[in-house]
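Same order as they appear, the protein sequences are chains A and B.
The opening position of the first sequence corresponds to residue 1 in my numbering, with each subsequent residue numbered one higher.
The opening position of the second sequence corresponds to residue 1 in my numbering, with each subsequent residue numbered one higher.
In case anyone wonders, no lab produced these hints; they're calculated from the structure.
Every residue, glycine too, gets a C-beta built ideally from N, C-alpha and C.
Quick list of simulated restraints, FRET-style, between CB atoms:
#: 1; chain 1: B; residue 1: S404; chain 2: A; residue 2: D20; range: 56 to 62 Å
#: 2; chain 1: A; residue 1: K137; chain 2: B; residue 2: M216; range: 46 to 52 Å
#: 3; chain 1: A; residue 1: D20; chain 2: B; residue 2: N57; range: 30 to 36 Å
#: 4; chain 1: B; residue 1: T410; chain 2: A; residue 2: D20; range: 53 to 59 Å
#: 5; chain 1: A; residue 1: T441; chain 2: B; residue 2: Y61; range: 56 to 62 Å
#: 6; chain 1: A; residue 1: R304; chain 2: B; residue 2: Q304; range: 43 to 49 Å
#: 7; chain 1: B; residue 1: S367; chain 2: A; residue 2: R304; range: 30 to 36 Å
Calculated lysine-lysine pairs in the DSBU-like style (CA-CA distance at most 35 Å, straight line):
#: 8; chain 1: A; residue 1: K100; chain 2: B; residue 2: K338
#: 9; chain 1: B; residue 1: K293; chain 2: A; residue 2: K100
#: 10; chain 1: A; residue 1: K306; chain 2: B; residue 2: K371
#: 11; chain 1: A; residue 1: K137; chain 2: A; residue 2: K393
#: 12; chain 1: B; residue 1: K371; chain 2: A; residue 2: K66
#: 13; chain 1: A; residue 1: K182; chain 2: A; residue 2: K306
#: 14; chain 1: A; residue 1: K323; chain 2: A; residue 2: K100
#: 15; chain 1: A; residue 1: K182; chain 2: A; residue 2: K402
#: 16; chain 1: B; residue 1: K320; chain 2: B; residue 2: K293
#: 17; chain 1: A; residue 1: K306; chain 2: A; residue 2: K100
#: 18; chain 1: A; residue 1: K407; chain 2: A; residue 2: K169
#: 19; chain 1: A; residue 1: K137; chain 2: A; residue 2: K402
#: 20; chain 1: A; residue 1: K407; chain 2: A; residue 2: K393
#: 21; chain 1: A; residue 1: K100; chain 2: B; residue 2: K345
#: 22; chain 1: A; residue 1: K66; chain 2: A; residue 2: K169
#: 23; chain 1: B; residue 1: K371; chain 2: A; residue 2: K402
#: 24; chain 1: A; residue 1: K169; chain 2: A; residue 2: K182
#: 25; chain 1: B; residue 1: K371; chain 2: A; residue 2: K100
#: 26; chain 1: A; residue 1: K306; chain 2: B; residue 2: K345
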Amino acid sequence: MQQETGPFAGLETDLHPPLDGHEASVEADRCYFCYDAPCVTACPTGIDIPLFIRQIQTGNPSGSAKTIFDENILGGMCARVCPTETLCEQACVRQTAENKPVSIGALQRYATDHALRNELSESKTHPYQRAKPTGKKVCVIGAGPSGLSCAHRLARYGHAVTIFDAGDKPGGLNEYGIASYKTTNNFAQEEVEFVLGIGGITLQTGVRLGVDLSLQEVTDQYDAVFLGVGLDSVNKSNITGSELTGVADAVEFIAALRQSQDYSSLSIGRRVVVIGGGMTAIDAAVQASMLGAEDVMIAYRRPREKMNASVYEQQLAQTHGVKIKHSVRPVKIIAGDDNAVAGVELEYTTEGEGGLSGTDESFVENADQVLMAIGQAFDADAAESFGLALSNKRVSVDADRKTSHEKIWAGGDCIDAGEDLTVWAVQDGKLAAESIHRSLT
Amino acid sequence: MADLSNDFIGIKSPNPFWLASAPPTDKAYNVTRAFEAGWGGVVWKTLGEDPHIVNVNGPRYGVVHSADRRLIGLNNIELITDRPLDINLEEIKQVKRDWPDRAMVVSLMVPCEEPNWKSILKRVEDTGADGVELNFGCPHGMSERGMGSSVGQVPEYIEMVTRWCKEATDMPVIVKLTPNINDIRYPARAALAGGADAVSLINTVSSIVSVNLDTMSPEPSIDGKGSHGGYCGPAVKPIALNMVAEIARDSETAELPISGIGGISNWRDAAEFMALGAGNVQVCTAAMTYGFKVVQEMITGLEQWMDEKGHTDLQSIIGKATPNVTDWQYLNLNFVSKAVIDQDKCIQCGRCHVVCEDTSHQAITQSVDGKRHFQVIDEECVGCNLCVSVCPVDECITMQQMTSGVDPRTNSPINSEYQNWTTHPNNPMANS
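Please model the complete structure; the sequences and the hints are all you need to start from.
Rendered as structure tokens:
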């Protein structure tokens with residue numbers, strides 16, 4: 001149930017409420033049905049946006065959803081979490097014309113919600129039918145966006161797919177890593193159920209690559225393997241005081257919050273400092289504020305324009321009372337009583353030709369909780385020991401998302417390509433599935 | 001300030017905006033509200049004989065929407081007034097007394113017999129109304145009973161009934177024409193021959209507005225069945241403009257006053273009708289879409305435009321565009337224009353390119369030097385105006401005349417002399 005009042009209302013209320021039929025109709029009417037539309041070019045999965053909007057406009061939301069799913073089977077989640085303001089909506093010609101793009105993300109949600117409601121209803125009809133079984137077996141490691149996308153496309157072609165995932169639940173970052181107000185009402189699990197609804201996909205959770213499973217085993221047992229394991233380790237902070245009580249990793253903070261049945265049981269500081277400048281920093285800071293922190297500050301070491309979080313995301317944080325401080329970096333975390341964090345010493349920075357450097361001018365920000373959002377890293381052990389080629393500490397792939405091994409493809413955050421976005425992961429999985437299918441048939 | 005006062009065949013009104021005979025003018029209550037809002041006159045909803053007709057008790061209207069559910073076409077199956085004649089006549093009399101400066105015209109429709117027309121005319125005269133309008137236009141319902149458009153489709157009947165009326169009354173007689181004919185000039189000439197003081201047009205166009213795909217019934221649906229209705233609103237304006245112009249430029253009817261009707265929604269539409277020869281205009285759908293207040297936009301818009309152009313009164317605009325309506329064969333074939341895209345205004349939607357590429361002359365690029373860029377290829381552009389028509393940005397694409405040099409499409413020098421089809425070498429029937 002969507003909770004609209006109460007102390008934690010913000011966490012369970014859609015950041016962007018879904019459009020109702022009238023709103024969708026008014027918004028769909030704004031689309032110009034551009035030729036070779038810039039929004040399509042800007043979408044990593046290449047959804048035919050003008051077509052799906054026109055289908056909404058003409059009263060065919062099911063057909064609209066099919067247009068979306070043809071290119072992006074996780075179109076429902078992408079409608080919620082895509083930074084549309086830097087992708088399709090930034091490219092919208094109405095952005096050029098009047099600084100107000102068509103609300104493509106909201107319309108995409110309208111269509112996909114319609115389809116998922118039908119799909120998950122009693123008379124469920126999945127929009128795709130599997131092709132005749134090919135007898136080929138494919139292993140997908142990781143049930144995040146790239147793995148689910150890959151598995152669905154392979155299942156459509158009639159291949160038998162087994163997905164292994166290390167978590168208790170499938171969904172990857174959709175389930176564990178995204179702010180709750182972006183995906184309310186257990187949507188990540190609903191969407192997984194939808195994707196698996198095509199049939200021909202077996203899911204096993206609690207199976208971790210390198211522990212319960214080796215690449216040698218799966219390459220022996222399956223005709224092809226897709227690696228979509230994400231970034232499994234967080235960058236460790238080497239700042240003095242990182243071990244103090246009250247210092248936590250932002251990714252773990254978000255995951256705990258997303259899995260929590262009772263927000264009041266989560267410990268939250270009065271004064272929270274989030275170190276970092278990406279989406280994770282924003283998600284952690286806004287949710288800290290929603291959980292009841294009195295003062296929340298994001299400390300980012302570079303100037304505003306270098307922030308990975310979009311301007312929209314920064315403004316979202318600011319409207320939730322989060323203060324964003326640019327060009328400051330943590331020098332040390334200050335201990336108080338009982339080995340607990342009492343503050344962060346931050347040093348002003350400057351960017352020159354030699355890169356980022358400190359100015360020796362610093363200040364102390366009092367804090368009783370510090371969340372580190374300084375990036376995640378690919379746990380390369382399993383891949384490296386199996387001899388997969390890496391680049392930039394991630395799996396190296398070609399344009400088809402094929403690795404250096406003839407039976408292994410990879411996608412999502414663990415590869416050295418694209419941006420670390422859900423929508424890119426979906427595209428990776430789709431491209432890999434097409435390539436795998438070509439190689440198997 | 002421009003003078004908007006209107007004298008139409010001796011019927012005076014403070015402005016040229018009348019409400020057409022239709023649902024908005026069926027009762028004293030509505031007409032009073034209209035006059036309070038500023039309408040210059042009304043044509044009272046068509047009166048018939050007692051016993052009064054009845055209307056359906058289900059939906060009477062169907063619509064065509066454009067984007068954002070803007071109403072661009074309205075279809076109706078409502079008949080003439082469904083109130084007793086006495087009540088209507090009493091109300092007409094009272095409202096005219098209350099609003100002496102406004103035009104009060106009464107629309108009439110009775111069976112095609114002379115005594116019937118003479119009888120009702122006498123009763124209308126008693127109300128003090130300024131004139132009558134003979135409804136030879138409604139295409140639905142009443143036409144099945146030998147009235148409305150079934151009269152308007154037979155010029156001989158038009159002339160006959162008009163003559164009866166002119167003989168029976170001194171009130172000015174306006175004949176309202178149906179567009180559901182092949183050539184509007186014949187009914188107009190017939191009205192003139194019968195002695196009509198003016199014609200008004202167009203009445204509604206026969207139409208089925210939509211089909212309910214669940215019930216397979218035309219809309220509006222009455223218990224699962226539909227009947228054709230009369231179509232009006234912005235969608236019919238072009239049909240009406242042409243018919244007004246045809247009558248205005250026909251040598252036989254050039255002097256016949258016209259009250260213009262058909263999709264007039266704003267001051268500009270009204271000015272266009274008047275420029276093509278209408279002495280005033282009648283409005284219905286705009287009022288039925290937005291309420292009577294729209295007349296304020298019409299009055300102020302027309303005033304503003306007239307002031308800006310230096311037109312002091314309506315006479316100085318009426319018919320000013322009529323001489324420029326001609327037959328195709330007299331269009332200047334030496335006139336050459338090309339589309340020009342203002343790159344600063346272009347928002348890159350690409351619709352000009354795709355419609356030209358798919359449906360016309362392949363005369364607009366989609367990219368230049370590998371970058372998305374829409375530019376007219378003069379060597380291919382025939383100047384058709386399709387790109388201008390589909391561009392969502394006003395004034396982004398314009399047609400510009402070539403006045404010198406060589407047309408790169410035909411490699412022919414621009415010829416400043418006028419030449420039309422009647423003398424063109426490709427015309428086997430050419431005069432010289």
